[in-house]
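Chain by chain, the residues run as shown.
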Amino acid sequence: MRGALVVLFSLMLSFPAAAQVVTSFSILGDLASRLVPGDVRVVSLVKAGEDTHQHEGTAADLKELRKARLVFAVGAGFEPWLKKAHASSGSKGELILLTEGMELREPGHEDHAHPHQGPSHRHPHGGQDPHVWLDVAKTRAMVARMARALREAFPGQSAEISRKEKAYDLELNSLQEELKKQFSAVPADRRLVITSHDAFGYFGAAQGLRFLAPQGWSTEVEPSAKQVARLIRQIREHKVKALFVENLTNRRSIDQISGETGVKVGGTLYADSLSDSPGPAADYVQMMKHNARTILDALK
Amino acid sequence: MWSLLVEPFLEYEFLRRALIEAIVLGLGFSIVGQVLITRRLSLIGDTLSHAMLPGVVVAFLLFGANAMALFWGGWITGFLILSASWFLFHRRRVEADAGLALFAVFSVSLGVLLAARTRTTTEILHLLFGNVLAIDQWILSMSVLVAAVTWMVFLWNYRSVLMALVDPVFFESVRPSSWWRVAFLLAIFSANLTVGFASLGAMMTVGLLIVPPLVGRALGRSLFGMVGYSALFSVLVSWVGVLISFHGEVPSGPAIVAVACAGLFLLQFLRLFRRARRVTA
Numbered sequence: 009m010r011g012a013l014v015v016l017f018s019l020m021l022s023f024p025a026a027a028q029v030v031t032s033f034s035i036l037g038d039l040a041s042r043l044v045p046g047d048v049r050v051v052s053l054v055k056a057g058e059d060t061h062q063h064e065g066t067a068a069d070l071k072e073l074r075k076a077r078l079v080f081a082v083g084a085g086f087e088p089w090l091k092k093a094h095a096s097s098g099s100k101g102e103l104i105l106l107t108e109g110m111e112l113r114e115p116g117h118e119d120h121a122h123p124h125q126g127p128s129h130r131h132p133h134g135g136q137d138p139h140v141w142l143d144v145a146k147t148r149a150m151v152a153r154m155a156r157a158l159r160e161a162f163p164g165q166s167a168e169i170s171r172k173e174k175a176y177d178l179e180l181n182s183l184q185e186e187l188k189k190q191f192s193a194v195p196a197d198r199r200l201v202i203t204s205h206d207a208f209g210y211f212g213a214a215q216g217l218r219f220l221a222p223q224g225w226s227t228e229v230e231p232s233a234k235q236v237a238r239l240i241r242q243i244r245e246h247k248v249k250a251l252f253v254e255n256l257t258n259r260r261s262i263d264q265i266s267g268e269t270g271v272k273v274g275g276t277l278y279a280d281s282l283s284d285s286p287g288p289a290a291d292y293v294q295m296m297k298h299n300a301r302t303i304l305d306a307l308k
Numbered sequence: 101m102w103s104l105l106v107e108p109f110l111e112y113e114f115l116r117r118a119l120i121e122a123i124v125l126g127l128g129f130s131i132v133g134q135v136l137i138t139r140r141l142s143l144i145g146d147t148l149s150h151a152m153l154p155g156v157v158v159a160f161l162l163f164g165a166n167a168m169a170l171f172w173g174g175w176i177t178g179f180l181i182l183s184a185s186w187f188l189f190h191r192r193r194v195e196a197d198a199g200l201a202l203f204a205v206f207s208v209s210l211g212v213l214l215a216a217r218t219r220t221t222t223e224i225l226h227l228l229f230g231n232v233l234a235i236d237q238w239i240l241s242m243s244v245l246v247a248a249v250t251w252m253v254f255l256w257n258y259r260s261v262l263m264a265l266v267d268p269v270f271f272e273s274v275r276p277s278s279w280w281r282v283a284f285l286l287a288i289f290s291a292n293l294t295v296g297f298a299s300l301g302a303m304m305t306v307g308l309l310i311v312p313p314l315v316g317r318a319l320g321r322s323l324f325g326m327v328g329y330s331a332l333f334s335v336l337v338s339w340v341g342v343l344i345s346f347h348g349e350v351p352s353g354p355a356i357v358a359v360a361c362a363g364l365f366l367l368q369f370l371r372l373f374r375r376a377r378r379v380t381a
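Chains as they are written, first to last, in this note's numbering: chain A, 9 to 308; chain B, 101 to 381.
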């Protein structure tokens, strides 16, 4: 018995813990997994299909953070729970906020049909929209930032990281071109889209579409009766064709609006999380293509 | 004035539905709330709103985000918790509120464990909770059904309910309830709460369950009077609350609850004032 224990213990000591990189949620996890060297594990704290806005740090999170060589997060208030979890885990891995230094959308910059709507309604995150990954150009910037940090953390494998970065950036570049081409064909009077929570501002800015939502950037805040009424009026006035729900959000508001305006719900968009593996948005590129296809089909 | 107070309801169906739902639920709650207050179980709504987690997680795992499945999951969990704590209370082993707290917290812990084990999150509970601005046909029909059954049972057992409210200890000593009868009543309680959560959300359900019945108590002279005033008051505050949410751009549920509480405070203040004048006169 004692012998077995000794063997077990020495096994535990000698077993080399695989280096690991932690990301805050599934989409960053996918980006990171395209860059890291072959022997490095990528762990996402918020799994596919879970809501990062409303996540709370768990003991399992602390465990993963503690083992992390690097921690990637979006920042801009998207993961309000992460900073504390990172600090209390005693992790030695640096926490890198990928939106740092990036130009972010603010409520004032939104092209709202009703400019009198005060900024106080729409910034539960502290005034900036964190959903940058829905603009491929911004995702490419985040990928470049991630690769730089990875090269610093794993200097021995920097050539491999650079090679992977180049290949992935090429893929993202062609995705960007493809989306641009597809959306440039949409006539100007059909460029209004309704979603359940206001996550698609960057996507809209990149493709020249206007997105409106009954719910703000965060999924935490309830809409007011006025917001819903204004949306219904806008749908009637502009003859909006495209109404969508996102994964992770309560679809009741959108269903109600759909019933009242007679506009059909065009499908599910993925904003804050990937789908589970055999789903329509199993990785970042598939997610963007799925969203584009769903929106284009409804706008036709 | 007309355009300010009535026109929004004519223009938008979702506002009409919000009002109708609040009226229907207010009718059922005016009875259930009365019983809860007498039994010193006013916070039961808040407790059960968290405690429904395990049933909702199981429903979600089996049927996905299906409103009907989530409703059944919540209802059954609520019923089991109420039954278990009633059973303990009835044998006089534990006080009613302690028994309820016991089973509620047990249920919450089971739900959290279940959610962690199955890689869902406790946020699933929010799929059950509705919003007064998004009332669909299904939940409206369900609310009408629940309110109708609640009223039928109330009218059928008017004398027993009256006696149970006036003197619960005496009532139970002269009339031991059969278990199926208790089970039926607890099922109705749980149904009222669940249908409230699924349509209005937890906070507004607790508000409408407690505040209008308190107003009813202050104004009504008979049981019917109490229930009547209570129902009338919930209609009034729902209407005013929805209007405030519409014109003032604030979320509807909290607006309605705040108006209800303000109404109750105002009423109590006026009564105090009148009593003071009577004393000095």
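Treat the hints with care, since some could be wrong.
[Said to hold, decoys possible] Ranges of calculated distance between the beta carbons of each label pair, as one might list FRET restraints:
| no. | chain 1 | residue 1 | chain 2 | residue 2 | range |
| --- | --- | --- | --- | --- | --- |
| 1 | B | 281 | A | 245 | 52 to 58 Å |
| 2 | B | 201 | A | 182 | 55 to 61 Å |
| 3 | A | 305 | B | 107 | 46 to 52 Å |
| 4 | A | 96 | B | 102 | 54 to 60 Å |
These are calculated hints, taken from the structure and not from any lab test.
Think of the CB as a built atom: it goes at the ideal place given N, C-alpha and C, for glycine as much as any other residue.
Here's how the hints hold up against the structure:
1. Taking the beta carbon of each, residue 281 (chain B) and residue 245 (chain A) are about 57 Å apart, inside 52 to 58 Å as hinted.
2. At about 59 Å, the beta-carbon gap between residue 201 (chain B) and residue 182 (chain A) stays in the expected band of 55 to 61 Å.
3. Between residue 305 (chain A) and residue 107 (chain B) the beta carbons are some 37 Å apart, a value that contradicts the proposed interval 46 to 52 Å.
4. About 58 Å separates the C-beta atoms of residue 96 (chain A) and residue 102 (chain B), a value consistent with the hinted range of 54 to 60 Å.
When each numbered hint is compared with the structure, a violation occurs for hint 3 only.
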